[in-house]
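S.K.: As a plain string of letters, each chain reads:
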Amino acid sequence: MSNYRILGVYNNEDKLLSSIHKIQESGITIHDVITPYPIHEVIEALKLKTRLPVVAFISAIFALFGTGGFLYWTSVVNYPLVFGGKPQNTLSFIIVIFVMLINVTAVVTILSFFIRDRKGPGAVPYLDYKGISDDRYVIVVDGKINTNEQVVSDLLKREGAVEVAQIGVPETKANH
Amino acid sequence: MDRKFVFRPVLRYTTYGLMAMGIIAVATGFLANGERALANLLLNNFYFLCLAIGASFFLALQYITQAGWSAAFKRIPESISAYIPWAALIMILIMIGMKSLYPWIQPDEHSFDEHSMHLIEHKSPFLNVPFFLIRLVIYFTVWVFMTRLLRKYSLKEDIEGGMIYFEKSGFYSKVYIFTLALTFSLASFDWIMSIDPTWFSTIFALKNFITSFYHGSALIVLIVVIMHHYGYFQFITDAHWQDFSKYVFILSIMWAYFWFSQYLLIWYANIPEETVYYVHRLTGPWKTVFYLNLILNWTVPFVVLLSNYFARKKMVLGIVIVFVLIGLWIDIYEQIMPGTIGDVKIGFTEIGTYLGFAGLFIYIFLRTLSSAALIPANHPLLQESLHHTGH
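Protein chains in written order, with this note's numbering: chain A, 1 to 176; chain B, 1001 to 1391.
Possibly wrong hints are sitting among the right ones.
[Claimed, not checked] If we take Cβ atoms under 10 Å as the criterion, some of the chain A residues that face chain B in the derived model are: (1) Glu41; (2) Pro53; (3) Phe57; (4) Phe83; (5) Gly84; (6) Gly85; (7) Lys86; (8) Pro87; (9) Thr90; (10) Leu91; (11) Ser92.
For the record, the hints were derived by calculation from the structure and aren't laboratory data. Note that beta-carbon positions come from the ideal geometry of N, C-alpha and C, so glycine has one too.
With the rest of the complex left out, here is chain B (with noise of 0.2 Å):
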């Protein structure tokens, strides 16, 4: 019951070949061709910071909400969401090269006319390097504080008890939502959107964050799934899986609401500097990525999970995320790559890197998780988890 996750030696060491694999994957890219090992660098961080974002968003949701089914999986979130001051870390090293990744710091005649470089130094007040590297900084201050905030919460709950800390939590998660709608807005507007500087959506960020919350929740089912599988949560229901599953269902006809408004909304404006995005997502090989993505994160978890019997599977629960998972990674590589890489290009680079990230990732998940118990003893809605039989 009290038991606490085993960081086994064995994936200790996966982890480590993974990220020895990334290592290499990042240094043959650069030696290749900087700008796309760079892109990827972005892109892949990106991912696993959306991931780490939606999990800590999942986390404030449920205090706020007082939810009790989830209360026994939230030392899950909470360690998903240590990955952020990595996430800023590398955020920081790609910044470095921002120069080829941003074509507004130094607009170039020959791949702007005259109308879209009065665009860019129309912007230039919000576009600025300064300005954007203090918004980087303050974002992930914003965040790093608030994740270890809920997470000393939590740890001190387990100690001393009460309600104390789950009073605190909840207000704090209340702080943490607000300030994440905002920064995490401008953040994806400032590293994704602003690849394409001529182009603007006001309702990409809304996207963003709904992808975020999305892949975080579907992240956290997935763990939820393999940690079940090899002995841990025995005590989990029919309940909890159809609870689980009605998360990623739900939340994937979002992501296809938001995906589709962004798209509905150019086709109907018709705006010349709009539709760019679209006219070139599709064409040629990018609109198979283009319609693959919405596949992959909408109709396969839409189609298999609208039957009630396969929702409460865990092994299909756990395959569909898989596909949504990798579903997420090309709905980045489509708003990033060809603004700067241009072209379709996955080689080595693409899935070193990719495996790399997720080596970094699964390592700092696994030693937080096995850092504290498995299941919060002293959550005042604890038992109601355990005990969860639907409604």
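Bound-form chain A, shown alone (with noise of 0.2 Å):
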């Protein structure tokens, strides 16, 4: 049997939640849940794990010691320069750390989150749906797990789901 998957698609945020639920009660496993915006009980609901926080905080304390080492060896030790008296040591490298912070951090987190989901110009998308991005909530059900696909087309459709849609799966990609 081919790879396929069946998307339920929701317009309200309420009826996706309880709807989630219920689908995890009658003991069918949610492939994931394509949100407009991020919804803690949905992460809570797939029990859902990311790394990502560590990368942003590594990458940040890496941007901490390298722009403040940097500063330091700058205006301290190869070339202190001394105007109006000021200390050359002083607090006021914070700004410049912040900013050096904001910047590294967030680029190296977007870098590492599309290199681990392998996205990026020429990927195949993983689910080729139309309007999957737009702002509807869409529960995607793994096909090659619950293969009663007639079951579970009912139960989306009685939780509220406005379309239920079934799609195939380039068999070459791996996905999560």
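Combine both chains into one complex, guided by the hints.
M.R.: As structure tokens, then:
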């Protein structure tokens, strides 16, 4: 059997949440939920885990010591200029460190997200369905695990899905 | 659910013990070095006044924003702000010896040069003893009146119910934060900044105001943590802890922002009149105090509460807040002591006086807390608070 996925499209956050709980209660595994913005309850219900904050934290520490060290080296060790009697090693470094920290953390986090998720120019979209990135809430159920496709579709519809669709997945794709 | 907090004798005698220790510390302090003991009285009274003002501001803010999640805890800020009348009494007693605290009263020709004498003379329309004392009375009248009013409405609401007292509290909260912004800013200028009469910073009042809000809120969270440990507030969920730690976390960043803004503006402008303040605080043992202040008030809460996992652990939250409350003491110590006693001196006078004030503060807090129902039963937003589940 080729791999396919069942999509239930909702246009209401509350319906989506109650539907997620109902589907999980009936023993069906949810593959993914696509929402226009992060919803805490969805993350909790699906027991999603991410190590992205760890990446952000490590890159922030790297930026802190990198920028701090650079400023210290340039204005204290290598070329110590005295202007107006101000101390060379001052807390005013914080501004530059702060800005660099945001910059480095944002860039590193986004890059590692794209690399880990294999996104970027030329990547094959993992769900090719029109309107999936609109302001709608989509529950994705994996057809391979939940073989009884009719039951899943009925359940999605009963819980208030405005659309239920079935789409195939490219076999070559190493998806999550 | 509707049970009262019981002020058990064990606790009562502990607070008496702390108060007795404080009296001994103050008495021996005055015998050894009057100026140091007086500076300590000012430091500790301002410390607990800051906490009380911050807590009352927290309460007013909850009314103005009509925040639901915190409704069940509002007896705690109400009881903390009961310290304000006592702070007024002690502040008036301190002002008996104000000559040794504030050099602008009788500027000494030896410690100030001609230019500084001129500056002090220039400030005399504002900084003179009668006006100073009149302002002191005005500040405390406003604070005591407004906090008592909010407390009175809250207690009446318990009996009569309805929306009327909620709406009234909302209106008077707006009046309160408006007057508080004016009075507390001027109060911090008067009591703390005028210790160094030739120095000034326009962001000083903001910094002290945010310090007060930050530590007042942190104290409320600490009390909730302790009371939850002893079996009160059992309805608390992860969502409540999350909101409490959010408060501490955000305000620690706000505090660091104002703390740093004051430094940066003075560093950048590089005017000798202003920089002398930081030069004094960045030489010798004061340097340790200076950085300890930043570490305790910002680094510890920021790094620990950054993690969502730790933010929901009440023990972690409690320990972080203990550091933050020590940080407040260090913060005020760093503002008062260089101008009064000059050197870093921490001994029995400092610790004993602090414990004595803590005893008085805890005694008044617990007595007020036990005088009314712990959960405000008729608060319109109470159910939202009890069933708070996050967003």
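S.K.: Name the hints, by number, that the structure is in violation of.
M.R.: none
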